[in-house]
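Just so you know, the sequence shown maps onto residues 1 to 245 in the numbering used here.
Any given hint could be a false lead.
Claimed, not checked - Cross-link-like lysine-lysine pairs, in silico, DSS-like; alpha carbons within 27 Å at most: (1) K104 with K157; (2) K235 with K104; (3) K213 with K203; (4) K157 with K231; (5) K157 with K120; (6) K120 with K104.
To be verified - Distance ranges between label pairs, derived from CB positions: (7) Q101 with H229: 27 to 33 Å; (8) E51 with Q101: 30 to 36 Å; (9) E83 with L7: 46 to 52 Å; (10) I49 with K235: 32 to 38 Å; (11) I20 with I49: 15 to 21 Å; (12) R227 with E51: 16 to 22 Å.
Just so you know, the hints here were simulated from the structure itself, not pulled from any lab data.
Beta carbons are placed, not taken as given, at the ideal position from N, Cα and C, and that holds for glycine.
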Amino acid sequence: MPILGILIIVLQVIFIVHAIRHGHGIMWVFIILLFPLIGILVYLFVIFIPEMRNSHVTTRAASKIKKTLDPKGALRQHTQNLEVTDTVENKLRLAGELLSQGMKDDAVHMYEQCRSGIFKDDPSVLLGLARAYFATGAFQKVIDTLDQLMTSNPDYKSQDGHLLYARAKESLGDSAAAIEEYEALCAYYSGAEAKCRYAQLLKQQGDHERAEKFFREIINTAERSSRHHRKQQEKWIAIARREIG
1 MPILGILIIV LQVIFIVHAI RHGHGIMWVF IILLFPLIGI LVYLFVIFIP
51 EMRNSHVTTR AASKIKKTLD PKGALRQHTQ NLEVTDTVEN KLRLAGELLS
101 QGMKDDAVHM YEQCRSGIFK DDPSVLLGLA RAYFATGAFQ KVIDTLDQLM
151 TSNPDYKSQD GHLLYARAKE SLGDSAAAIE EYEALCAYYS GAEAKCRYAQ
201 LLKQQGDHER AEKFFREIIN TAERSSRHHR KQQEKWIAIA RREIG
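Use the sequences and the hints to build the structure in full.
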């Protein structure tokens, strides 16, 4: 059988499976089967490529490749955007990119610039500033900033902000307060990080029994979860497995 014929059959199988799994209807299955070459091309451009472009996995992969090829590209773009349009939104984007690039002090400065007018106590600004302070090791400033966030925005909830608060307490050596925050956080935190950090602190404080309980919970949850969940939480799952030997 010619190579082209084999390729068409392979593509037919791939696209038929894709159409069925993604609920695109039996019509596409018949089109691909009855009009192999035309059906494949139509499905490729009408369904497959647009879906791949909108896929979170594809978007993340493209973003990683772009960042590898041009690590400073996003930083340049956000800098240019701010030069053209000086808004708090553009400053926030630049501050976030500065932080991700490891330019911690510059990120702090940019987040502090965002604290003006109606954005003075904006949750996104204060949470970003707290993250930047944490990166610089200014843990008391993290606490003060997050306290200000909670005072100014009593209805605002952020599991990431709560985790940052607990970690800052721990970094300041206030283990009792950190344990209290971690315990509250573990009741609703969606990932394994909070529980893992809590267990590590308990172990450090000599509470090995409770620490092992939480490490085992992380492992048991992982074993019952999807591959996607395990991939997302692989760092904390690996730590839990290592901690219980």
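Checked hints:
| no. | hint | verdict |
| --- | --- | --- |
| 1 | K104 with K157 | holds (25 Å) |
| 2 | K235 with K104 | holds (24 Å) |
| 3 | K213 with K203 | holds (11 Å) |
| 4 | K157 with K231 | holds (26 Å) |
| 5 | K157 with K120 | holds (18 Å) |
| 6 | K120 with K104 | holds (20 Å) |
| 7 | Q101 with H229: 27 to 33 Å | holds (29 Å) |
| 8 | E51 with Q101: 30 to 36 Å | holds (32 Å) |
| 9 | E83 with L7: 46 to 52 Å | holds (49 Å) |
| 10 | I49 with K235: 32 to 38 Å | holds (33 Å) |
| 11 | I20 with I49: 15 to 21 Å | holds (18 Å) |
| 12 | R227 with E51: 16 to 22 Å | holds (20 Å) |
Checked against the numbered hints above, the structure breaks none of them.
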